[in-house]
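Starting from the structure of chain A, add chain B where the hints point.
There are 2 protein chains.
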Amino acid sequence: MAKRTVYCGRVSKEQLGQKVTLKGWVQKRRDLGGVIFIDLRDREGVVQVVFNPELSKEAWEIADTCRSEYVIEVTGEVIARTPEAINPKMVTGEYEVMIDEITILSKSKTPPFPIEEDANVGDEVRMKYRYLYLRRPNMTKNLMTRTKITQSIRRFLDDNDFLDIETPYLAKSTPEGARDYLVPSRVHPGHFYALPQSPQIFKQLLMNAGFDRYYQIVRCFRDEDLRGDRQPEFTQIDIETSFLTADEIQDYTEQMIAKVMKEVKGIDVTLPFPRMSWDEAMNRYGSDKPDTRFDMELIDLSETVKDIDFKVFQMALQNGGVVKALNAKGAAAKYSRKDMDNLGQYAGQFGAKGLAWLKVEEDGLKGPIAKFLTDATDAIVAATNAEVGDLLMFGADSFEIVAATLGAVRTRLGKELDLIDESAFNFLWVIDWPQFEYDAEAGRYVSAHHPFTLPKASDVELLATDPAKVHAEAYDIVLNGYELGGGSLRIHTRDVQEQMFETLGFSRREMQEQFGFLLDALDYGFPPHGGIALGLDRLAMLLAGEENIREVIAFPKNGKAVDPMSAAPSIVSPLQLFELNIDVTSVEED
Amino acid sequence: MAKRTVYCGRVSKEQLGQKVTLKGWVQKRRDLGGVIFIDLRDREGVVQVVFNPELSKEAWEIADTCRSEYVIEVTGEVIARTPEAINPKMVTGEYEVMIDEITILSKSKTPPFPIEEDANVGDEVRMKYRYLYLRRPNMTKNLMTRTKITQSIRRFLDDNDFLDIETPYLAKSTPEGARDYLVPSRVHPGHFYALPQSPQIFKQLLMNAGFDRYYQIVRCFRDEDLRGDRQPEFTQIDIETSFLTADEIQDYTEQMIAKVMKEVKGIDVTLPFPRMSWDEAMNRYGSDKPDTRFDMELIDLSETVKDIDFKVFQMALQNGGVVKALNAKGAAAKYSRKDMDNLGQYAGQFGAKGLAWLKVEEDGLKGPIAKFLTDATDAIVAATNAEVGDLLMFGADSFEIVAATLGAVRTRLGKELDLIDESAFNFLWVIDWPQFEYDAEAGRYVSAHHPFTLPKASDVELLATDPAKVHAEAYDIVLNGYELGGGSLRIHTRDVQEQMFETLGFSRREMQEQFGFLLDALDYGFPPHGGIALGLDRLAMLLAGEENIREVIAFPKNGKAVDPMSAAPSIVSPLQLFELNIDVTSVEED
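Sequence order for the protein chains is A and B.
Sequential numbering of the first sequence, starting at 1434, is according to my numbering.
Sequential numbering of the second sequence, starting at 1434, is according to my numbering.
Simulated from the structure, these hints should not be mistaken for lab results.
For glycine and all other residues, C-beta sits at the position ideal for the given N, C-alpha and C.
Be a bit skeptical, because a hint or two may be false.
To be verified - FRET-style restraints, in silico, Cβ to Cβ:
{"id": "1", "chain 1": "B", "residue 1": "1592", "chain 2": "A", "residue 2": "1946", "range": "44 to 50 angstroms"}
{"id": "2", "chain 1": "B", "residue 1": "1877", "chain 2": "A", "residue 2": "1946", "range": "46 to 52 angstroms"}
{"id": "3", "chain 1": "B", "residue 1": "1594", "chain 2": "A", "residue 2": "1856", "range": "27 to 33 angstroms"}
{"id": "4", "chain 1": "A", "residue 1": "1879", "chain 2": "B", "residue 2": "2021", "range": "31 to 37 angstroms"}
{"id": "5", "chain 1": "B", "residue 1": "1899", "chain 2": "A", "residue 2": "1438", "range": "38 to 44 angstroms"}
{"id": "6", "chain 1": "B", "residue 1": "1523", "chain 2": "A", "residue 2": "1438", "range": "53 to 59 angstroms"}
{"id": "7", "chain 1": "A", "residue 1": "1707", "chain 2": "B", "residue 2": "1660", "range": "53 to 59 angstroms"}
{"id": "8", "chain 1": "A", "residue 1": "1707", "chain 2": "B", "residue 2": "1547", "range": "45 to 51 angstroms"}
{"id": "9", "chain 1": "B", "residue 1": "1608", "chain 2": "A", "residue 2": "1680", "range": "51 to 57 angstroms"}
Isolated chain A, as found in the complex (with noise of 0.2 angstroms):
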């Protein structure tokens, strides 16, 4: 084999001229004149190379038996193509080189699809048959973009003194959170390791060492159901930093957000993000992650309909909830009265009985609620600066639920509507969090983060009181309307992390017995501190343009967490069951 001199996809003007050796894969091959002509593709991109009988009878000759996807190497000389010939489609468009010599490396059968990328391929071929779905150019470019990405946070972290450690796979099952990925024990029959849903208390731990400033881009496990974009394993950028307050942990963030934006996009995001608290978040655009690439902001109606009879507004206020309403600008004529029952189902998967709509005409507000508002008529105008062909929608429930309706239809507005500039690229801060989600089902108050996750200082005394009022010292950071990551400020005194634990719902019993040694470790100087996580999987995607993270991850679980290439998980073998101590008490069949 010869040395490759330059990657296909970067043939310029600098090997213009000059002899160069290829090596890549047949794109496309064809015969015009007598002449063959091959785009031949690397990681790097596309350039085509002409295999002319007079310059080499030999070389044209093997050219002749090359199919799609044949693997070469060639030898010849970069030239300009004549301008007729030039393809401003491709990089490389302007060049051509002319072989004289070729060796195929690898032989192809017919592929089962097309590497071009826009073929439409099932997914369970796709995934079969990964390696060659990798091929794309766009997938090859997304896994290049996330390399970038990964490179980009590294030299940033590295530069500002982070010590890249690392934390074990190999880790201890814990109740909280989702549930655990175990691994059976063969030395301690009936023991069990768990797979880590993120190093929390590990990178705890390491700034209780003294490390200072910690980071890991690391693996997590979740056992759970998958949605669209989630995966059994993803990929966590994981920072944790002592002595620094919440303020200074946004900074760094949004610094090293700063530069990726810059090295991976070309973009220069202006610093710093907006914050915005958790409460106004909620308030204005129903989602604690808002994307706000639009506004159509939820429109609080609470007072301006208090004396109204309207018995639907009127139930939600006395038991303590809200009236809200959301103005789509000049929607009514889209929206159909079909239209709007579709919505109304919609809305109902949000926990809201229904969706209140009228539209604004000439004459006033028309639709089915319209009668028993007509007192009411010029406020709700006014406060929604309603306009004749306007559309607007209400929710009148608990804060909750009509936060969580009004924000659902808002998203799902916006982009029915086109209101989204999808070249933008908004992040925001949601700070300010409350500690405690009420979970109805379980009849006790979880963690809006996690177990660790100080209080502020102000509310520390409500943890035994009245627990729904705590504000925690904790951020997200938020990237069109996606979450991107999550941080805060960690509890580093005994006292509060068993008041928290007691919060939860623990017996001293049960948080001795799983987490004794990080209370321990509270009694040894743990010095304040606090960190984020974000995920790499969703940035790489939003930052790639795609709507899965499937497409920024080499092999990918399908949606039944299964890998149809290598047919994982498996069926094992009796002695390996018999070596760990245990038994299957149900098989699937393949």
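Here is chain B on its own, set in the frame of chain A:
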């Protein structure tokens, strides 16, 4: 909290005369004539801070309550110590900080062991309070060295067009190699993922996908019984490339290592590293990972003694074996008969029936076997370059047993006789490995590396007929007698891969079931490729000057694969087992 202006360990001339704010742990407190001196420690080192009641009575009073391992924030002016107060053992020993403000950030109980590094502590306590053990300056430094190594490696690979691509941790169990850690699937009863022993197949498929140059610093898992420098999970610097020769891959690898040595140790290593064939390494050093920091090579006496009437030698030679010797120069006086008995027993562990020996004295060779060798004394003396005072040891058995025995004895004597320059870093490539080892117990050939290793082109035909003679395009990199990593070119054609599986005893059905997806991939333009994997833990251990990889891992497991800190592995809830469709057949008591 005020902002830290400088790490304790970085206080220097630059801060002289300035006010600084430091944050750290109280390492030591002394009262001298009413003035309090505290050695304040952070990850970068220690500085002396001084509380003089005349400067601030208030600060002095708080300092007076500080105990070991309290976390404090202090502000004060950096001054030069008087000449007689300079501490040359401290990096910051020419300075001290006169404190006028102090805040206690966190209190500490008396730690279960002192943090100063020389105090002796039991393994169990050290691991239970790992976060305290990690505060020890040498441990902090070890992990910082490890970070530096990975930074240096990543920058080298990034700068050379390698792409950092992640591969799955939830993978498929395969029977080749060591025992897998398994992960039960909840969604697919009776099915299991396996934690990868290495991302070998994934990285090959990334080459098939065209990524050309891949790397990953990746966790690997092996459920084996633990030895000194083994852990259930370990970290690999995993590299794969397309279109390069074995030599080119070795060149990149050693350039990378040279950069690490320069940046981490400040040492200029000479490139290229020596390359030695496996045959030569076994012949000269009795080891496939020879420590070349000292000589004392194995001397082949098979010719020399072939006519000597000594049954032990004759038996070995007649059975196709060899007779070899070691000459420990000047060591005769240091080893008593009893020492030699011990050494003989040690040799027995490596398969030898004993260790024959002689001492070279003024009047000839003395020792238990001297009487059998009288006819060959001169020849043996000449061949071994023996001089008065030397200790000669003999191995007579199969090539393998003699190599293993004398290789082990050589290593032990190298240490006992202090022949090793501990400051040296001797890198070496061991190339041209045999493809197979014969597993007498299983009665079949097994891969010396793994079943994807490319045989030498000239040996492919021997795969079917004489596997023992097949050599591979495989190479190991060795540092000071440790295998640092191993690599090879890989098979990239289906017929050779199928032949390989056949030679290894796979049936058609087995190879299809276990590796069918790889065989399929070989049908679709799989490029020539190869790579290497280096053990990061071992590299870090050697560069940190440690003798156990636990000292360069933040949270290792103990010899029973247990983390005594968090008590992993542990018993899990019946619900967890129920959801995973498994039962435990036996439970170890806690």
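Status of the hints after comparison with the structure:
Checked against the given bound of 44 to 50 angstroms, the beta carbons of residue 1592 of chain B and residue 1946 of chain A, roughly 49 angstroms apart, stay inside it. For residue 1877 of chain B paired with residue 1946 of chain A, a C-beta distance near 48 angstroms keeps the hint of 46 to 52 angstroms intact. Between residue 1594 of chain B and residue 1856 of chain A the beta carbons are some 29 angstroms apart, a value that agrees with the proposed interval 27 to 33 angstroms. Residue 1879 of chain A and residue 2021 of chain B have their C-beta atoms about 32 angstroms apart, which keeps the hinted 31 to 37 angstroms range intact.
Hint check: residue 1899 of chain B to residue 1438 of chain A, Cβ distance near 40 angstroms, so the stated range 38 to 44 angstroms holds. The hinted range of 53 to 59 angstroms is satisfied by residue 1523 of chain B and residue 1438 of chain A, whose Cβ atoms lie roughly 54 angstroms apart. At about 55 angstroms, the CB distance of residue 1707 of chain A to residue 1660 of chain B agrees with the hint of 53 to 59 angstroms. Checked against the given bound of 45 to 51 angstroms, the beta carbons of residue 1707 of chain A and residue 1547 of chain B, roughly 49 angstroms apart, stay inside it.
Restraint check, residue 1608 of chain B to residue 1680 of chain A: a C-beta distance of roughly 54 angstroms satisfies the suggested window 51 to 57 angstroms.
In summary, the structure agrees with every hint in the numbered list given earlier.
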